[in-house]
Amino acid sequence: MYYLTNNTSVSFVGTDKELDKTKKWILDTIAKILTGDFTATPGFMCGTCDFNKICPFAKKN
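Using numbering that gives the first Met the number 0, you'd call the opening residue of the sequence shown number 0 and step up by one each time.
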(Lines of atoms letter the chains of each structure in order from A and count residues from 1; the text may use other names and numbers.)
(Lines give C-alpha, C1' and ligand atoms only; values in the text may rest on other atoms or scores of the structure.)
Protein backbone atom coordinates (compact mmCIF):
# COMPACT_ATOMS: atom_id res chain seq x y z
CA MET A 1 0.00 0.00 0.00
CA TYR A 2 1.31 3.45 -0.83
CA TYR A 3 0.26 6.63 0.94
CA LEU A 4 0.49 9.65 -1.34
CA THR A 5 0.07 12.24 1.40
CA ASN A 6 3.32 11.42 3.17
CA ASN A 7 5.18 9.43 0.50
CA THR A 8 5.37 6.18 2.47
CA SER A 9 4.58 2.58 1.68
CA VAL A 10 3.41 -0.27 3.88
CA SER A 11 3.64 -3.97 3.06
CA PHE A 12 0.68 -6.28 3.55
CA VAL A 13 0.85 -10.03 3.22
CA GLY A 14 -2.63 -11.44 3.36
CA THR A 15 -4.11 -14.82 2.73
CA ASP A 16 -4.98 -15.81 -0.83
CA LYS A 17 -8.65 -15.22 0.04
CA GLU A 18 -7.93 -11.69 1.35
CA LEU A 19 -5.83 -10.83 -1.68
CA ASP A 20 -8.52 -12.13 -4.06
CA LYS A 21 -11.18 -10.10 -2.22
CA THR A 22 -9.03 -6.96 -2.39
CA LYS A 23 -8.25 -7.48 -6.08
CA LYS A 24 -11.97 -7.92 -6.84
CA TRP A 25 -12.79 -4.71 -4.92
CA ILE A 26 -10.13 -2.79 -6.87
CA LEU A 27 -11.32 -4.10 -10.24
CA ASP A 28 -14.97 -3.40 -9.36
CA THR A 29 -14.06 0.15 -8.33
CA ILE A 30 -12.14 0.72 -11.58
CA ALA A 31 -15.11 -0.57 -13.60
CA LYS A 32 -17.50 1.79 -11.77
CA ILE A 33 -15.21 4.76 -12.41
CA LEU A 34 -14.85 3.91 -16.11
CA THR A 35 -18.63 3.55 -16.55
CA GLY A 36 -19.43 6.68 -14.56
CA ASP A 37 -21.25 4.75 -11.82
CA PHE A 38 -21.07 7.10 -8.84
CA THR A 39 -24.01 5.75 -6.88
CA ALA A 40 -24.46 7.45 -3.52
CA THR A 41 -23.60 5.37 -0.47
CA PRO A 42 -25.24 7.28 2.39
CA GLY A 43 -23.68 6.96 5.81
CA PHE A 44 -21.62 8.68 8.47
CA MET A 45 -19.27 10.16 5.85
CA CYS A 46 -22.05 12.31 4.33
CA GLY A 47 -21.03 15.21 6.56
CA THR A 48 -17.56 15.34 4.98
CA CYS A 49 -18.58 14.64 1.38
CA ASP A 50 -17.94 17.38 -1.18
CA PHE A 51 -21.40 16.75 -2.67
CA ASN A 52 -23.45 16.88 0.55
CA LYS A 53 -25.02 20.23 -0.34
CA ILE A 54 -26.56 18.86 -3.55
CA CYS A 55 -27.05 15.18 -2.69
CA PRO A 56 -30.62 14.15 -1.83
CA PHE A 57 -29.30 11.34 0.40
CA ALA A 58 -27.23 13.71 2.54
CA LYS A 59 -30.25 15.94 3.11
CA LYS A 60 -32.14 13.00 4.64
CA ASN A 61 -29.36 12.26 7.15
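Treat the hints as calculated values from the structure; they're not laboratory data. The reader is advised that the hints may include incorrect statements.
Straight-line Cα separation of at most 20 angstroms, EDC-like style, residue types lysine to aspartate or glutamate; simulated pairs [stated by the list, open to error]:
hint, residue 1, residue 2
1, K16, D36
2, K31, D15
3, K52, D27
4, K16, D27
5, K31, D19
Here is how each hint holds up against the structure:
no.	hint	in the structure
1	K16 / D36	26 angstroms, violated
2	K31 / D15	24 angstroms, violated
3	K52 / D27	27 angstroms, violated
4	K16 / D27	16 angstroms, holds
5	K31 / D19	18 angstroms, holds
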